[in-house]
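Chains as they are written, first to last, in the numbering used here: chain A, 1 to 781; chain B, 1001 to 1152.
Rather than coming from a laboratory, the hints here were simulated on the basis of the structure.
Over the 10 Å line for every Cβ pair with chain B, so calculated as not near, a few chain A residues: (1) 8; (2) 79; (3) 279; (4) 384; (5) 609; (6) 677; (7) 763; (8) 766.
Chain B is faced by these chain A residues, among others (derived, beta-carbon under 8 Å): (9) 533; (10) 587; (11) 597.
To give an idea of the interface, some chain A residues facing chain B are shown, with a C-beta separation under 8 Å as derived from the structure: (12) 243; (13) 482; (14) 531; (15) 532; (16) 575; (17) 577; (18) 581; (19) 583; (20) 589; (21) 595; (22) 596.
By construction, the Cβ of each residue, glycine as well, lies at the ideal position given by its N, Cα and C atoms.
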Amino acid sequence: MGEMDDVVKEFLVESYENLDRLDSELLELESHPQTREMLSSIFRTIHSIKGACGFLGFSRLESLTHAGENLLSLLRDGKLGVDGQITTALLELVDAVRQMLTTIETNGAEGDEEFEALKAQLKSLQGGASGAAGAKPAAPTAPTAPTANAPANASASETTSAQTSAAPAAAPSEPVPQAATPAAQPVAREATSASAAPSAAPSPERAKPAAAAAPGAGVAENSIRVDVGQLDKLMNLVGELVLARNQVLQLASHSSDNAFVATTQRLNLITTELQESVMKTRMQPIMTVWGKLPRVVRDMSAALGKSIRVEMEGKETELDKTILEAIKDPLTHIVRNSCDHGIEPPALRAERGKPAEGTLTLRAFHEGGQVILEIEDDGGGIDVERVKRKAVANGLITQEQASRMTEREACSLIFAAGLSTAQNVTNISGRGVGMDVVKSNIEKIGGQVDITNRFEHGLTLRIKIPLTLAIIPALMVMAGEERFAIPQVSLVELVRLEGEARRNAIRSIEGALVYRLRGRLLPLVHLDRELGLPPLDVADDEAIHIVILQTDGRQFGLVVHRICDTEEIVVKPLTKWLKSVPVFAGATIMGDGRVALILDVLGLAQRARLLGDAQERTSYVAEGETLRAGSETKRLLLFQVGEDLRMAAPLEEAARLEEFRLRDIEASGDQRVVQYRDEILPLLPLAQAFGRKSSLDQTTRDSVHAVVVRVGDRNYALVVERILDIVEQELKLDPRSRRGLITGTGVVQSKVTDMIDVAAVVRRLDPASHSMAPLADEVSV
Amino acid sequence: MSSDTAGVETRRTQQFCTFLLDRSTFGVEVDNVQEVIREQDMTPVPLAPDVIRGLINLRGQIVTAIDLRRRLGRPPFPAGAKPMNVVVRCDDGAVSLLVDEIGDVVEVESSSLERPPENLEGESRRLIRGVIQRENNLLLVLDIDRTLEAAN
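Starting from the given sequences, assemble the full structure and let the hints guide the process.
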C-alpha cells in the first residue's frame, strides 16, 4: 500500500494546486455568478481530476467528481444559476476531494469514505436550484458530518482552512518548492526527499527515491543533481549576456579597430555557444511526457472495448523543461480524444476495411528551429458536416456562416469552447471541455495547432512549438519613430508595394483597407494608427511595407513604415501597470540599449477587431478562392444604393473608392463636383438614377462614399450609400432581368444583386457626357 | 508621546529622499529608494495609461517610468523639461518616478509627521501620507504603495 508511483505523486501535487485555486474561484463565482469563464475553469479542474482518477483506479473519487461535474456542466451551460446553496455544495465537494487526496497520499489508497450524502446533494441540486428550497437548508451541513475532521456546523471556509493546513502537515517536505516552481518538480522533489530522508521521519514513499539513488552511484559519478531554479538563474544571466553581446556587436559595426572587431566576433561565437549549452541543460527528451501515454491508451481502449496500438517516432527529441511541462496535459487530452472518438470500434473498422486494431502514432522532430509534435490516428477523422450542425445547434455559428465555411475552418471548430462531437456523454469525454483548453494552453507557450482531416481515414494534429521561451527570434519593424518586435512564429511573409502595384492591390471597403494577396483579401491594419501614434505622411506613390501575420488561424497585413532586421531577443515581462494594454507581449532591450516593445499579434488583431467579423470576410475570400479555378469568375464591387438596393459593378471599372466630405463638395451649374487630383470631378448620385433618395441630400451625414469610374476620357464619382464588399465569384445573370441601366440580376452572397451598366448610368446622370463619350460605348459593357 | 522618549538616543528619526515637483517638496522614505538617476532615454508605450511615461533600460532591467506630475494631478512637465528618475523598489521589480528636481536626503523626527491637511483635494489626498513642517517649507510625504498601485 505504501508504494506509490510517480504518476500518482504527480497527480496529487497537481490536484492540490488546482484545488487551492478552486476555493478562491468558487468564492469569486458566488459574488459574480455571471462569469461563464470562471465556471468553465472550475469545470475543467474537476474534469481533469476525474479524468486522472479514471486511469489511476480511484473509483470513489471518480464517482464523487463525476457527480460534481454533472452539476457544473449544467451551470456552465447556463441551465442552472449559481446560488449560495450550490456554491456551498461545491465547496464541500472541494473539501471532500482534498480529504480523499490526503488519504491517498498517506495510505496510497482512497479509503472507504463514499460521501454518499454529498453526492446525493449534488444530484438533487441538479433538479433546479429553486426546487425544494425549504427542505434544503439542513442538507448542506449533513454531508460534512461524516468527514470526521470537520464539525457538523462548521462553515465551508473553516473546513477548507482546516484541511489545507492538514495537507502540508501530512507531507512536510513536498508542497513548498513545488508550488513555487511547478516546472521544478522532479528534480526538486528528489533533492528535497533525499535530504529530508536522514533527518525527518520519512514516510514510506519518500524514502524510496533516496534508497533508489544509492545503487545508482555509478551513474552519479558522471552526473550531478542541479536545482532547476539554479538553471533558470543561469538562463537569465545568459539572456543578459546575449543583450550585452548585441550591444557590443552594434558598437563594433562602427569601429575601425580590427583587434576590437575580431574580439567581438569571438565574443559573439562564444555567447552563442554558451546560450546553446545552457539551453541544453534544461532540455529533456519528449519521452518523459510520452512515457505515461501508452498506459492512458491501454486503460482507455480496455474501457471502450477497442484495440489500439501506440507507435512513437522521435522519442529522443528534446524540449525545454518548461515547455514539456506545459504540453503534458494538452497532449494527454488529445490522445484521450483520439482513443475515444477518433478510433472506431472494431466492428466499424472492419466495415471500413481497416484492421481491427487502431494505430495511434506519436511523432516528434525538429523543423526550422521549432519542434513539431504530431498525433496521428487512423480513425474516423472529423465528420465536417456533423461538426457544423453541432456548432449551429450550440449557437457557436449561424447557419449562414456554416454554409460558407471551408473544411479547414469547420475542423478548427473543434477547438471552440462548448462543442463536443461525441454522440454520448461518457465518463471519458464528450462534454465539450478540453480541445479549447488544449489550444489555449499550446498558444500560451507560443505554439500553434493544425489539423489535417481525412474523413473516415484518420486525423493528424500537428503542434508546432518553440524550443525555448526565454529567447525568441523576432522581426524588428518601425512605426513612426518607434521600433517594435514581432515574434517570428506569427510571421507569414513580407510584402513591399510600390506605385501601380500598390494602387491595384489595396482597396478600401467601408473605410476598412484590404490587401489582395494572390487572390485572397487580407484585412490591413496600420500599426501607427492602431497604436495611436502620430501618423507619418506617406506619399501615394511611395513604397509601403506590409508584414503578413497569422494568428488564431487568420491572416492579416500589418502596415509598418520600415522593416528592419530579424534578431534574437530576450523576452522581459511588462509590469502590472501595462497589463491593461493587451497589444504588447513584453519588452526587450535592443543592441543600442533602448527598450523595444514586443507586439502581441493576437492582442493586436483583437484590438483591430479583426477576429470577430473577419470570420465572414475570410470566408468570402475562401469562396472567391475556390471559384477562381473556373474561368467565369469575376471580381465584383458590391455597394448599396438608397436604402434598399444592393448593386454590383465589375471591379475593373472602378478606378478608386473614395469618401468625400460634404463640405468639400461644390456646385457647378446644376451639378455637384469636388476638386480631385487637379481636376473637377462630377458627383453623380446613383440613387437618383433608380428613383431613390441620394445620400448627397442627407444633411445628417458628414461625408459620402463614391466609386470613381472612368467613362470616355473623363472621371466621374458615382455616389453610393455605402460600399459593401469586394467579392470574386461567378455571377449568373438572368438574361430576362436585363433592363435599362441594369445589365442583369443575380445572387451574390445569397442576396439578390443588380449589376449596373456603368457607362449607361453615367450617360443618364450627366447629359454632357454624350458629347464626350463616343457613341460606340452605348453598345456594350 | 515624545515626552516619554525624551533621551537623544531613543529619539526615533526617519530619513526621507526629497524632490521637487511643481514647486512643492515631496519626500519618500530612503529605504524605498533604490537609486536616483538623470534623465534617461525613454521608450513610450502606446495605449498605456497617461501616467506611464515609458520604459527605460536600467542596466538590463526594464523599468516603467511614471509621470508623478500626472499621477498627482499636477500640471504637466513643461516642454523640454528633463525630469529626474527616482527609482523605487516594488513587488515586481522597480519603478521610476519622474520628478522635476532632486533635493537632499533629510532626517526628521518621526513624531513631526503630521496628518495631511483636510483641504487637500483629488488624488493628492490619497497619495500623501503626511506632512512635515520644516524651517522654510513643507515636506509632503508620499504613500509609496498607493502611488504605485496600478490605476484602473
